[in-house]
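Q: Protein chains in written order, with our numbering: chain G, -10 to 380; chain A, -10 to 380; chain V, -10 to 380.
For the record, the hints were derived by calculation from the structure and aren't laboratory data.
For every residue, glycine included, the Cβ atom is placed at its ideal position computed from N, Cα and C.
A few of these clues could be false.
Cβ-Cβ distance ranges computed for the label pairs, FRET-style [said to hold, decoys possible]:
(1) 173/A / 4/V: 46 to 52 Å
(2) 345/V / 96/G: 54 to 60 Å
(3) 151/V / 230/G: 29 to 35 Å
(4) 346/G / 345/V: 21 to 27 Å
(5) 359/V / 349/G: 20 to 26 Å
(6) 176/V / 326/G: 47 to 53 Å
(7) 74/A / 231/V: 35 to 41 Å
(8) 101/G / 345/V: 45 to 51 Å
(9) 69/A / 329/V: 49 to 55 Å
(10) 233/V / 350/A: 34 to 40 Å
(11) 101/G / 41/A: 37 to 43 Å
(12) 60/V / 27/A: 57 to 63 Å
(13) 359/V / 96/G: 47 to 53 Å
(14) 345/G / 33/A: 31 to 37 Å
To list a few chain A residues with every Cβ distance to chain V over 12 Å, as calculated [said to hold, decoys possible]:
(15) 41
(16) 170
(17) 190
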Amino acid sequence: MAELGVGSASADPRDIWQHFCAAWPLFDGTASGYWLRSELIEVFGIDDSLIDEAHADQLYEQLVSVLATPEFRPRALFDSFGIEVLATTDDPLDSLADHAALAADSSFRGRVLPTFRPDAYLNAHAPGFAERVDRLIVEAGDGAHGYRGYLAALANRRRYFIEHGAISADHGVRTPLTLKLSDDEAERLFDSALRGGLSAAERDAFEGQMMYQMARMSVEDGLVMTLHPGSYRNHHEPSFARFGADTGHDIPFAVGYTEGLRPLLNDFGTAAGFHLVLFTLDETVFSRELAPLAGFYPSVFLGAPWWFLDAPDAMLRFRSAVTETAGFSRSAGFVDDTRAFCSIPARHDASRRVEASFLARLVAEHRISEARAAEVMVDLVDAAPRRVFKL
Amino acid sequence: MAELGVGSASADPRDIWQHFCAAWPLFDGTASGYWLRSELIEVFGIDDSLIDEAHADQLYEQLVSVLATPEFRPRALFDSFGIEVLATTDDPLDSLADHAALAADSSFRGRVLPTFRPDAYLNAHAPGFAERVDRLIVEAGDGAHGYRGYLAALANRRRYFIEHGAISADHGVRTPLTLKLSDDEAERLFDSALRGGLSAAERDAFEGQMMYQMARMSVEDGLVMTLHPGSYRNHHEPSFARFGADTGHDIPFAVGYTEGLRPLLNDFGTAAGFHLVLFTLDETVFSRELAPLAGFYPSVFLGAPWWFLDAPDAMLRFRSAVTETAGFSRSAGFVDDTRAFCSIPARHDASRRVEASFLARLVAEHRISEARAAEVMVDLVDAAPRRVFKL
Amino acid sequence: MAELGVGSASADPRDIWQHFCAAWPLFDGTASGYWLRSELIEVFGIDDSLIDEAHADQLYEQLVSVLATPEFRPRALFDSFGIEVLATTDDPLDSLADHAALAADSSFRGRVLPTFRPDAYLNAHAPGFAERVDRLIVEAGDGAHGYRGYLAALANRRRYFIEHGAISADHGVRTPLTLKLSDDEAERLFDSALRGGLSAAERDAFEGQMMYQMARMSVEDGLVMTLHPGSYRNHHEPSFARFGADTGHDIPFAVGYTEGLRPLLNDFGTAAGFHLVLFTLDETVFSRELAPLAGFYPSVFLGAPWWFLDAPDAMLRFRSAVTETAGFSRSAGFVDDTRAFCSIPARHDASRRVEASFLARLVAEHRISEARAAEVMVDLVDAAPRRVFKL
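With the rest of the complex left out, here is chain G (with noise of 0.2 Å):
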């Protein structure tokens, strides 16, 4: 929200607290107004009628109070949240070291998986590139130099990250396209990269050529691979110096996935095994090319909605424009990607609730039976994760 100001004047949390609370009128109709109601009713117990700008004091002693309580330490949420997976994003040459830890705690039974995030290994434009990629071909390479180096290290990291209970593999690409370069054309382009050489359009290509390598991997070692295209990052570039990335200024874009994914799915679209989960925040892609894409292409599966489009009409939307082509099965179902740990069962609810609305309508309209709406809808929720993401 803008009027919530860049930058408060204040570190005080209960300053930072007032200040959210006297904007809650702004988060009216929004998501996120949608998931902090139900994140403070539904996990905090506070009563609605105090949500206001009035009460703030008042809320912030019974956050704090509840929040010292064991039933609100992060294993126990784990647990009376019900959570089964939950993935972490994680930088390829991370350790998971805690990762590890966890898993060997006997004390604690959930699965906290790796993923295998290898954007800043990807993008040649991100700021510490070449000694990024430099660090990867010393430290998990297999002593090979430049280009093949590079393939070798990164298929070293997949390894180790699936040796740690990873099962997919993320990627945020500036647009979807894909390209299929020779050797020497990727070379020439990944030595460019590593000098800072390469113009916009080639480091479009060098990722491009990245991903169709990202996917062979994938059909190699079997890794969903989930891809996340067209936010233009950073948009504000004073609130980027100031304040770094990932504050609130990535501004979508009109991306094509038909032309874009071509070369990778005319060589991967139908290998066994391959998932690709398709992720859009431009929702003309809908009904004009992710259904139509997904209808035909056993690998590709429909992301749920996502970011922006993570809210109710917004899923609606989705589910009206890519049901009547690809059906229900090719959807991965409802994957929450929030940072902060209370908001996940709001998320979960506000999905749930909105497929249920629309599969409600479709019964009502006598376009399915209100028995397979009800297989439907559990598929969504708890099968369809777990198939699309091998769990």
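Place chains A and V on chain G using the hints.
A: Leaving out everything else, chains A and V in the frame of chain G:
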């Protein structure tokens, strides 16, 4: 449906049917599922509760026995379906002998019309383009060679089609681009095309220039021009290599009509008697481009939601998107493009229900009177296609 | 409506009215139809059942007699419509004498404000561009020649408009492109533009650079900047040649705000007091670009659905698309852009009904309380336009 697999192992129709019945749940919520279920129940008299995998054998026997009855002979179905006009799409060099025979057969009173479909003679990248064009010029030309002979041959075959009852020329093009080129430029592109020397951009330019020529001929000979752009044909090369065209992997992409159609519309958009019916697979153009174009140009009509968009929710989105700008009078009405004869009643039934549902909402919201809604409903179903397609 | 024909044979208003009444059925379901019917009934007191071709003569007499009454003098309507502020759009060199006279007239208490609309001085391909710019520099400059004199003259005229009550500067541009050029580059483009030497791309670059300058001036002088991109003006050349601009053949096309506005927003997006109201004819940008931009940049406000999108269903799509990301507080509220004085009540009434309908759905779905919905409703109609347009 991706799960149905590409290429069944068995060619035994009973096995295929069994395989298909096992896949019923995948069709829930899809347009194909609605049509198939409606067809089995309404046309074949199957009980709804038997449509599942468990009753596959029983259904198979029932279908085989029903199909052997005289009521299921094509002409009997033509009558019982209440079809008045059925149009095929035909190669420009087709002799249309079957159409002539049927027209001469006094025992058949329906109208089965040929449609001039010259795609393979206009798309310079289609396999066999040069040979096909050579044959066209030799068999249907006026003795002239090259580009001039080509245009003459196309005009001649259009005339031949009209003599055999054709009322429209149908064009499946890559994009809505149209171009008015000088004769010299057009000739140069044509000569290059015959030598297989066109770049991708020149291929589009040649097709765009030929759409301009097709519109010019439609203005002269009165054939209704229908345009179907925006599908990436044969997206999956391995499937194309193995199974050929039209095997389920044509994927839509974003296209622009406003700039693309301008050359054609500047010269022919207000030409007396010219009818141009625009179809799309990119629903973003409904409100942005197609409705405004149809609102201004007397020649432009809105084609029914097509292919992936020929489904209940998508049809409602179409009406919602175009009506507030273009009203109802600029619609071409429903025309199914099925290759499944027995699905014709289901598809028209679906379309009529959706149109009625849209109008009912406007009545309920006091946006149109019930009396006018009833008139519009009949017009959309009956009068509009007759008027727009000059039937 | 295409059937109304371009250019009626008769200039007799009674004939035109007769012609128009015969066309009533074409307006069913359209925004124009809703406004016109509402206007006839609510403003002119016509009985709904008389609005048809058969009663055209009777209606004509009634309208003529009503229009002759004192209650239908412009100022009387201004009062009875409850208009508080009406803004015209004016040429930068307009003397604004009429505005001054009206402001000085103590018998009129409404506010009629000029709006700075410099399109014809910024679009280098507009006929007469060079002559117009020369005149601007001579009449309103500070003595400097060329680009510097041009900028000074524009700033001077903005100041003159502000002195005459203007609160905003309105920009109808081809695309949302903005550019920050060096003074040398800007000067070079400007000099080329005066000689008529700009390519299509350079014309866009020059306009984009001038949008950057207009934003800079808005930051300085406080005029609210409104942006209306995305219409292909004068699509049908023969109609333009015969009837001139604004004769019904401006057709929208796809545009991108995210990348286009970045240079402007990087420098001015968080500038204190700067208000940038974004309009669009491409509704795909509502959820993808405009809501995220308005959610981050304190200067960006969402303009009301405009032109083809200023209609009930389209307005509901707008609210559904933007609210879940940007809430209600980033909306500029409804501003009609009618050139038909008597349609003003109908247009505001339509907008209010639709906003209320959207809020009522959220209340029914327990997404907002009824009390808050009532507050939001008043804010959207009353406070938001005052706040955003600094009234």
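Q: Are residue 151/V and residue 230/G spaced within 29 to 35 Å by their CB atoms?
A: 34 Å, holds
Q: Does the no-contact call for residue 41/A survive, Cβ to all of chain V over 12 Å?
A: 35 Å, holds
Q: Could you check the hint for me, namely that residue 345/G and residue 33/A are 31 to 37 Å apart, CB to CB?
A: 33 Å, holds
Q: I want to verify a distance hint. Is the separation of the beta carbons of residue 101/G and residue 345/V within 45 to 51 Å?
A: For residue 101/G and residue 345/V the Cβ distance comes to about 47 Å; the hint holds.
Q: Given the hint of 47 to 53 Å, is the C-beta distance from residue 176/V to residue 326/G inside that range or not?
A: Between residue 176/V and residue 326/G, where Cβ atoms are some 48 Å apart, the hint holds.
Q: Looking only at beta-carbon atoms, does the pair residue 233/V, residue 350/A fall within the given range of 34 to 40 Å?
A: 39 Å, holds
Q: Okay, residue 101/G versus residue 41/A on CB: inside 37 to 43 Å?
A: 41 Å Cβ-Cβ, so the 37 to 43 Å window holds.
Q: Quick check: does the Cβ-Cβ distance between residue 346/G and residue 345/V fall within 21 to 27 Å?
A: Given a distance of about 22 Å, which is inside 21 to 27 Å, the answer is holds.
Q: For the pair residue 74/A and residue 231/V, does the Cβ-Cβ distance stay inside 35 to 41 Å?
A: Given about 38 Å between the Cβ atoms, the range holds.
Q: Tell me if the beta carbons of residue 69/A and residue 329/V are separated by a distance inside 49 to 55 Å.
A: 53 Å, holds
Q: Does 47 to 53 Å hold as the CB distance between residue 359/V and residue 96/G, or does it fail?
A: 48 Å, holds
Q: Decide, holds or violated, for the assertion that all CB atoms of chain V are farther than 12 Å from the CB of residue 170/A.
A: Non-interface label on residue 170/A holds, nearest chain V Cβ at 17 Å vs cutoff 12 Å.
This entry satisfies every hint, going by the numbered hints stated previously.
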